[in-house]
Amino acid sequence: DTGVSQDPRHKITKRGQNVTFRCDPISEHNRLYWYRQTLGQGPEFLTYFQNEAQLEKSRLLSDRFSAERPKGSFSTLEIQRTEQGDSAMYLCASTMTTGKTNYGYTFGSGTRLTVV
Amino acid sequence: AQKITQTQPGMFVQEKEAVTLDCTYDTSDQSYGLFWYKQPSSGEMIFLIYQGSYDEQNATEGRYSLNFQKARKSANLVISASQLGDSAMYFCAMREGGFKTIFGAGTRLFVKA
Numbered sequence: 002d003t004g005v006s007q008d009p010r011h012k013i014t015k016r017g018q019n020v021t022f023r024c025d026p027i028s029e030h031n032r033l034y035w036y037r038q039t040l041g042q043g044p045e046f047l048t049y050f051q052n053e054a055q056l057e058k059s060r061l062l063s064d065r066f067s068a069e070r071p072k073g074s075f076s077t078l079e080i081q082r083t084e085q086g087d088s089a090m091y092l093c094a095s096t097m098t099t100g101k102t103n104y105g106y107t108f109g110s111g112t113r114l115t116v117v
Numbered sequence: 030a031q032k033i034t035q036t037q038p039g040m041f042v043q044e045k046e047a048v049t050l051d052c053t054y055d056t057s058d059q060s061y062g063l064f065w066y067k068q069p070s071s072g073e074m075i076f077l078i079y080q081g082s083y084d085e086q087n088a089t090e091g092r093y094s095l096n097f098q099k100a101r102k103s104a105n106l107v108i109s110a111s112q113l114g115d116s117a118m119y120f121c122a123m124r125e126g127g128f129k130t131i132f133g134a135g136t137r138l139f140v141k142a
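If you read the sequences in order, they're chains B and E. Numbers 2 to 117, taken from our numbering, label the letters of the first sequence in order. Numbers 30 to 142, taken from our numbering, label the letters of the second sequence in order.
Bear in mind the hints are in silico, worked out from the structure with no lab data behind them. Errors might be hidden in some of the hints.
Sample of chain B residues facing chain E (criterion: CB under 7 Å; computed from the structure) [what the hints assert, rightly or not]:
hint	residue
1	42
2	46
3	49
4	108
5	110
Think of the CB as a built atom: it goes at the ideal place given N, C-alpha and C, for glycine as much as any other residue.
Please model the complete structure; the sequences and the hints are all you need to start from.
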């Protein structure tokens with residue numbers, strides 16, 4: 002088990018371009034989360050999946066953001082028509098749900114997006 | 030409304046001493062979970078400790094303990110015998126309804142040799 006993997010680690014893009022990030026969770030984890038973190042702040046919730054179903058999406062999330070988790074395995078987060086305000090670290094996390102609820106998240110190393 | 034409040038932007042502690050990082054939360058749910066995470070300069074968030082709202086005992090994990098005061102809605106993290114490697118950002122977080130977790134703004138801890 003190699004933990005949660007995110008790709009790429011860094012992405013620099015021009016304003017207006019589309020970008021896509023990938024997250025590979027721990028294989029036995031059925032829940033997958035996306036967060037965004039800006040400098041000096043805590044992670045901000047974007048969306049989460051239970052298996053392949055997207056169960057919640059932040060109301061703060063623009064329609065330019067979309068996420069998928071086909072087959073309940075890896076997930077992708079796409080940002081269309083990027084803006085400078087999208088520059089942030091995008092974190093993926095996974096966890097399992099069983100009868101117990103005290104599982105913390107396992108986070109990936111994140112994808113740092115810079116929009117120029 | 031801000032649900033997780035960490036009032037200490039930065040804290041200093043001498044190596045081998047104990048330190049308390051403050052966290053207060055706001056929720057109307059009866060069932061919720063409280064978490065602390067560590068984020069070193071490398072950037073990866075590390076889960077430290079969990080406290081359930083119905084747990085009567087304070088959670089402990091090695092040198093970490095969570096001082097849970099339900100009536101005051103506080104969930105302070107206590108790190109005993111601080112080590113240089115404890116220097117990092119620390120985030121308090123809360124999960125409501127069993128789904129998403131929300132995070133506070135964090136406290137940066139500096140451990141002095």
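Verification of the hints:
1. 42: Holds, about 6 Å.
2. 46: holds, 5 Å
3. 49: Hint on residue 49(B): holds, closest Cβ of chain E at ~6 Å, below 7 Å.
4. 108: Holds. Min distance 4 Å.
5. 110: holds, 5 Å
In the structure shown, no violation is registered for any of the earlier numbered hints.
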